[in-house]
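> Whole structure, please, built from the sequences with the hints as guidance.
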Amino acid sequence: MTRKLAALIVGLALAASAANAAPSPKDWAAVARLPDWSGVWAPDVVDQNAQVHGDPPPWKPEVARQVAALEAQEKAGRPKGLFVDCLPHGMPALMLVTHNPIEFVFAPGRVILLGESDGNRLRRIRTDGRPHAADPDPSFFGDAIGRWEGGALVVDTVGVLPQTYIAVSEAVGIPNDGDLHVVERIRLEGADTLVDELTITAPHVLTGPWTTRRLYHRQRDPAAEIVEGVCLQGRYLESRDADGHAAFSLLPLGEDGAPAPPK
Amino acid sequence: MTRRQLLALVVAAAIPSAAAAHHSFAMYDQTKVVTVQGAVKTFQWTNPHAVLWVLVAPKDGGAAELWPAELPTSPGNLARMGWSKTSVRPGDKVVVEINPLRDGRHGGSLKKVTLVDSGKVLAIGPIPQAKP
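The listed protein sequences correspond, in order, to chains G and X.
Read in order, the letters of the first sequence correspond to residues 44 to 306 in the numbering used here.
Read in order, the letters of the second sequence correspond to residues 5 to 136 in the numbering used here.
Honestly, I wouldn't trust all of these hints.
[To be verified] Example chain X residues on the side facing chain G (calculated, C-beta under 8 Å, incomplete): (1) H27; (2) S28; (3) P72; (4) E74; (5) T77; (6) S78; (7) G80; (8) A83; (9) L105.
Calculated directly from the structure, the hints in this document are not laboratory data.
Quick reminder that beta carbons are idealized off the backbone N, C-alpha and C, glycines included.
Right, here's the structure in full:
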């Protein structure tokens, strides 16, 4: 029996069951045998830039012209703020351009990726053998299923909103425009480096799959632990309301995201 | 290592950093450095970027004007560099070096702040990546 067919049968069986089963001690024991991805994983920002410059996305010709215009705009000191609205980065931008660390939580049937950046971003990756939802509501981080292949977690993501950027920086990126498919192979390389090999298929803006990689380095220093990161909080100054209670007051912000003194 | 030692290390290792999470810092002219002097109004310790708000007395007199000096990353990453929400306090007299906004608005990205009373210098270093 092929692996695909087995997965399909498992998936159908799970879909047919009325409720998600409670994890058994055996399920928890299986989690204990997974690779050790504990700690805080800081993105290698230097490598992010090296990857983008060394192996840029295969933009369609008309899209490449738009990318060049965004690059010129940034170079001229008028960067487009791709993320200044504080909406989630979404996939694949969260993995591609973020400068804040991530962490992983393993549980039976789940891998949870928690990000510090911009509102403590969250990816839920189902690893219980179920296939993708038949018609998932489009979302920023999509419908993600994963499976362990040796020490590597292979994550397959679909159902992503067409508005999320294929971003190469905070100022240069193009919406995926729909039908985005991201396959990642995430694995340890050495003791404390995590490699995410991404294959990004976005047929409306790319001529073919873009394979790129991102590196994360482990930090175990308690001072490096992930903190709350609420993006919208930066739009407010701490102040007092008319009754003297602690409150937030809205801060003017330039279109480029730079703070400006209140009028 | 104490926080003070860590800060000293950060200052010693301070290099111009392109580490700008959340939005590009291209609106700031990184070829220019402007120094402003004043009193801290507030140190906004928030995501996605911390901002040091300084009341600056104009050279030609008149009421103090508010200048934002935006730090190029978040409290999480700043803490990893040795900063804290109390690194700079309201009322502190400061000398602040910034890369100014290109369009002439008051404000810039913070490069370095010197606390006048203690002489302590805080700078922006690279985000620690704990490379093996």
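> Hint by hint, say whether it matches the structure.
Comparing the hints with the structure gives:
1. H27: Holds - the Cβ of H27(X) comes within 8 Å of chain G, reaching about 4 Å at its closest.
2. S28: 4 Å, holds
3. P72: 4 Å, holds
4. E74: Holds: closest Cβ of chain G sits about 6 Å from E74(X), inside 8 Å.
5. T77: T77(X) check passes; min Cβ-Cβ to chain G is 7 Å, inside 8 Å.
6. S78: With Cβ-Cβ at 6 Å, under 8 Å, it holds.
7. G80: G80(X) check passes; min Cβ-Cβ to chain G is 5 Å, inside 8 Å.
8. A83: 6 Å, holds
9. L105: Constraint on L105(X) satisfied, holds at 6 Å.
In this structure, none of the earlier numbered hints is contradicted; all agree with it.
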